[in-house]
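Chains as they are written, first to last, in the numbering used here: chain A, 1 to 264; chain B, 265 to 843; chain C, 844 to 1169.
For the record, the hints were derived by calculation from the structure and aren't laboratory data.
These numbers come from a predicted model, not from an experiment.
One thing to keep in mind: the hints can contain errors.
Only pairs whose alpha carbons sit at most 16 Å apart, straight line, appear in this in silico EDC-like list of lysine to aspartate or glutamate [unchecked claim]:
| hint | chain 1 | residue 1 | chain 2 | residue 2 |
| --- | --- | --- | --- | --- |
| 1 | C | K1158 | A | E50 |
| 2 | C | K1164 | A | D203 |
| 3 | A | K192 | B | E464 |
| 4 | A | K198 | A | D67 |
| 5 | C | K965 | C | E875 |
With beta-carbon atoms standing in for the labels, derived distance ranges [as the list claims (entries may be wrong)]:
| hint | chain 1 | residue 1 | chain 2 | residue 2 | range |
| --- | --- | --- | --- | --- | --- |
| 6 | A | K199 | B | G284 | 30 to 38 Å |
| 7 | B | G284 | A | Q201 | 32 to 40 Å |
| 8 | C | S1093 | B | S729 | 54 to 62 Å |
| 9 | C | Q1072 | A | K199 | 52 to 60 Å |
| 10 | A | G154 | C | Q1072 | 40 to 48 Å |
| 11 | A | A93 | B | L364 | 44 to 52 Å |
| 12 | C | G930 | A | K199 | 53 to 61 Å |
| 13 | B | D441 | C | E1142 | 43 to 51 Å |
Don't be surprised by glycine CBs; every beta carbon is placed ideally from N, CA and C.
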Amino acid sequence: MKICVLVKQVPDAAVEKRVDSGSGRLDRSGETNLNPFDTHAIEAAMQVKEGGKADVEEIVAVTMGPDNAQRALHKAVSLGADRSVHLSDAALAGSDVCATGYALARVLESESPDLVLLGQQSDDGECYTIGAVVADHLKMPSLTQVIKMDVGDGSLRCERQAEYGYDTVDVALPAVISVGDAINEPRYPSLKAIMGAKKKQLDKKAISDLGIEADRVGADGSRTSVEAINPPPAKQAGEIIEDEDTNQTVEKIVAWLDERKLLA
Amino acid sequence: MAVAPIEFRPPVDSVKEFIGPPQDSEEEQIDVGVAIVGGGPAGLSCAIRLSHLLETEPKLSESLGEVPVALVEKGRNAGSHLMSGAVMRPSAMQELFPDLDPSDWPFAFGKVEKDAVYFMTKRGRIPLKPTPPPFRNEGNHVISIAQLGRFLAEKAEEAGVYVLSETAATKLLVEDDVVRGVRTGDKGRGREGEELSNFEPGTEVTARATVLAEGTQGHLAGAAIRHFDLGSDDPPQWELGVKEVWEVPKPLDRVIHTLGWPLRFSPKYREFGGSWIYPMGEDKISIGFVTGLDYRDATFSVHDVLQEFKTHRFVRGLLEGGKRVGWGAKTIPSGGYWAMPDKLWAPGLAIAGDSASMVNVPVLKGVHYAMHAGIYAAEAIFEQLKRAEGTVTDLSAYDERVRGSAIDKEIYRSRNMRQVFSKGFFAGGALANLMEISGGRFPGGHFQTENDAEVDVFVGNRSKSYPKPDGNLTFDKLSSVFLSGNATRDDAPNHIRIQEQVPLEVALMWQNMCPAAVYQVPEEVLEEAEQNGGLKSMEGRTVDVQVTPSNCVQCGAITAKGGRLTPPEGGDGPNYQLA
Amino acid sequence: MSGILTYALHYENEVNKNSLGAVSEAAKLAKEIGGEAHAVVVGEAVSDGLCQSLGAYGASKVYRAQAPEGLAQPVVDVMAKLISDHGYSYALFGGGLLGFEIGAGLTARLNAGVTMEVTEVKAVAGKLVAVRPILQDSAVVDSGYVSEPGIIIGRLNAFEADASSNGASADVEDVEVELSEWSTKATMVTRGEQRGAEVNIEDADTLVAGGRGLGKADGFAELCEPLAQALGGAVAATRAVVDAGWYSYSAQIGQTGKTVAPKLYLAAGISGAIQHKVGMQAAENIVAINKDPNAPIFEFSDLGVVGDLNKIMPKLTEAVKAKKGG
């Protein structure tokens, strides 16, 4: 079985991000690291490999991004991936969800994986469920928010959280599974693995290597456009009640809640 | 009644706990050529210089194995734990990168054009003209040390150094009284130190030479100095600096230092320090307040004094219309010449930078000294590696280099200036002035440094004048910790060693001292005090200190004041960007 | 024909409330930009009544397709066909897992632009612009579409259900759709399993959160849990009280805990430090009870009550119960 893990390099969540005062655009110059949700995906891949129920020949980390995205790949490899693939091309800059999904699908196609794993969302909040986009291109079944995954014979039994509770779904392989952070506790890489990561095979690809059409990616190939970035709508100053007569106070609170249909 | 925190030290035997022989098998160990602990200016300069030198001796480089030079850094990235003003002398950068023009330094914000020193009063300021010599910064550069760390790390990696961030060095490997390397920290332990499901033990990294460049309060450096008896008779001393970075609409045109308000002058309080306000390019300002940790009022809080300082009309005007975009805190070793270790090396070991107190506090310089020291260490190690196989046992040449250099000379000149301020601002100031004018010769002699933890504390009333945080100009500690990028997991083991049952004065002192609100006097006690005539009346009462270790930004103040900071899990703590 | 096609999720013969919100929103928007607002329901044995009921929320027509329930990819097949056949300009989804999955699949299938976690939709010059927050809600982006269809996926509770349209029942049209080969590769084994005691606070509509101000661990059992029960919600906690061992880590909200966006967040004895705020600031209605009038939480609460929570909460619990009818 070959497992591909899609990873993304994202800005560090704890570092406050700003809209750059000069350009009016998101300041992306800050720190980046591997999307924490993706570490769960790598861990899931490792657990399939070590679980003994499937014969995993290799785990390949795949990413699309500028040069610094290599860091995500090094981290993925230090966590257990055998090698990595880096799709990097100036033509991809500014790609929206549609363009990104298309490009990633092309890379994955070239690898012919039996299972694609990824984190269900990225820390930069840019996109949720890119896995579902990619799966449609790959013509594979897809499931997101998966918090438990057991490998069977040519299929997976997954548990995922949905609107009405937990669903148990059987999925035939090959498939694309987006995992939630509740699925596992990612391991820490050993120092040896970290130091060895740079030596593992890393293939850099341009869009021409994968038959990615330039007019379907990048800012020009994107189907959405950023019209404006604004500060959030000014929150109306909240009401304050000083409690003197508690019965009255409670009445006011209930009335307030009722007005807003919160007591349905 | 006044108590000194030193009476309440936690049980920590640094030599026993943090030094020991290698124990792992060879397969488990990682063998490198040279191991450097600390991704700051000293460590990274050492790594870069060493790599450049090794390039000239390919056979030697090969003999060092797959990893000739490895550097471990406990922060998320090199630079995440670096904080300073800072105005840097360009000499070390010029030596390491002679072909790089300062205008191309990505971490620098331009040469100092103008400088000014103000003596602050509550409502105004008195310019000290001409600018007193220690504060003249012509030819120096305003930098962000957090960005310097990142720049140097990039250069180090380009030169082939293995920069291993998120990796703490928790133990010094010593065998037959020779340093063999370091052990890195465990990851994945729980609150009580138990192994969690993803527990990953640390690794023993063996090397032919080890450089400790851990910065202020060096964890292993402190243990090594004790074990190998490298220390001087004078104890180290520290200042605590709290800093903010602001985006401002009006550019600042000069490097400013201030003395005076809001510090109190009486020797009863022993408040020594001042502020800096530096322009960072056209649109940002670095502003910070520094105070010696030998102050006596338990309600003194450097963070809150900085907030108070910003309310001064002049400072407020500089920040008008601006927005706070960064915050950080860190201690500065201020013992100077007398507190520097008598010996900077031991077999297999060299100590460089702040870990060896190489800071000239009266002139506020240390970054370039650290870099030069790192370079000297690299050169001395290189020479020894060429000489013989096996561990480098004699690094006396490194020590000699440092002593014969500007580092030693300049720090010697300032050797007594800081200590005299224990006599209060005016007496101290007068003495310091005389020393300055006389180039350190008069008054000469040896003014001993004092252990900060030996200074007794009492409950004073400093906190009365702290402004209430308004979220615009002034800020509370928790939101500041948030801004530092600290998102340490809550179930991490407690890395702070203190005695948790101490007299109220000590607990209160820690609560106020810590810029990150790690220590708290229990609420019940505070409430009781409110009802019964104030905290002063409860001096001497024993209280249980509450500790929230995940807030910690690893400034090191607790170690100066009776406790002990040990390195938490690699990657934890702040992630300074512009500090 | 322009127009908006909205997906209506249903379960056990009831339409999901976020879908009802989306249907209402589509009706509102369709009026502004022209075109019809239609809906689509996919499942097995979907009743006429259920489909028709969407008329009250503004859908003039509802398509019904027969396919396995609770899975996204069959719906992608259905909606892709409808959109291609009828040329809808926009596809709209209410918050919730399936909406994201279906919308994402359609993005690929139709080579379309998609905006996720949308909090507001604006009509500008006959086109729709989706507004979504970024940077931990500290900025909002206006996202436009350069081609049709545009796919809009709302954040949970972003769209308000409005059952006052027409009152008429919607026309129901059955459609036959051939499912893609891969849409049949996932099979539902068990759907909607409730996991008893383990309430997932991220899904709760209402949260009663307790902080240090509760004074003691018992505050949770005595004050928070009864109130949460009365309101039909779950209990959450701050880092400080979890640290002190008063409540379980699984209920922790904040920077190092969970991030939630319920309809109602009632914070009892919580000061509102930023580490906590970032975990709950997207809540629609924030009510705070704290005895300290200077607590930062009052700066961003919608209703702030300065008082003793020990007095207020028990009475509030009773009053809520009475209002809801015992």
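Taking 32 to 40 Å as the hint, is the beta-carbon distance of G284(B) and Q201(A) inside that range?
-> About 38 Å separates the Cβ atoms of G284(B) and Q201(A), which means 32 to 40 Å holds.
Do the alpha carbons of K198(A) and D67(A) lie within 16 Å of each other, as the hint requires?
-> holds, 14 Å
Are A93(A) and L364(B) spaced within 44 to 52 Å by their CB atoms?
-> violated, 28 Å
Cβ-Cβ distance between K199(A) and G284(B): within 30 to 38 Å?
-> Roughly 31 Å apart at Cβ, these two residues keep to the hinted range, so it holds.
G154(A) and Q1072(C), beta-carbon distance inside 40 to 48 Å?
-> Holds: the Cβ-Cβ distance is about 46 Å, inside 40 to 48 Å.
Holds or violated: K192(A) with E464(B), Cα cutoff 16 Å?
-> holds, 12 Å
Could you say whether the range 43 to 51 Å given as a hint is met by the Cβ separation of D441(B) and E1142(C)?
-> Distance hint for D441(B), E1142(C) is violated at roughly 60 Å.
Could one say that the CB atoms of Q1072(C) and K199(A) fall in the range 52 to 60 Å?
-> Cβ of Q1072(C) to Cβ of K199(A): about 58 Å, so the range 52 to 60 Å holds.
Given a hinted range of 54 to 62 Å, is it respected by the beta-carbon distance of S1093(C) and S729(B)?
-> 43 Å Cβ-Cβ, so the 54 to 62 Å window is violated.
Straight-line alpha-carbon gap K1158(C) to E50(A), limit 16 Å = violated, 55 Å
Is the Cα-Cα distance between K965(C) and E875(C) 16 Å or less?
-> holds, 9 Å
Indicate whether the distance between the beta carbons of G930(C) and K199(A) respects the range 53 to 61 Å.
-> About 54 Å separates the Cβ atoms of G930(C) and K199(A), which means 53 to 61 Å holds.
Going down the numbered hints, you'll see the structure goes against 1, 2, 8, 11, 13, while the others check out.
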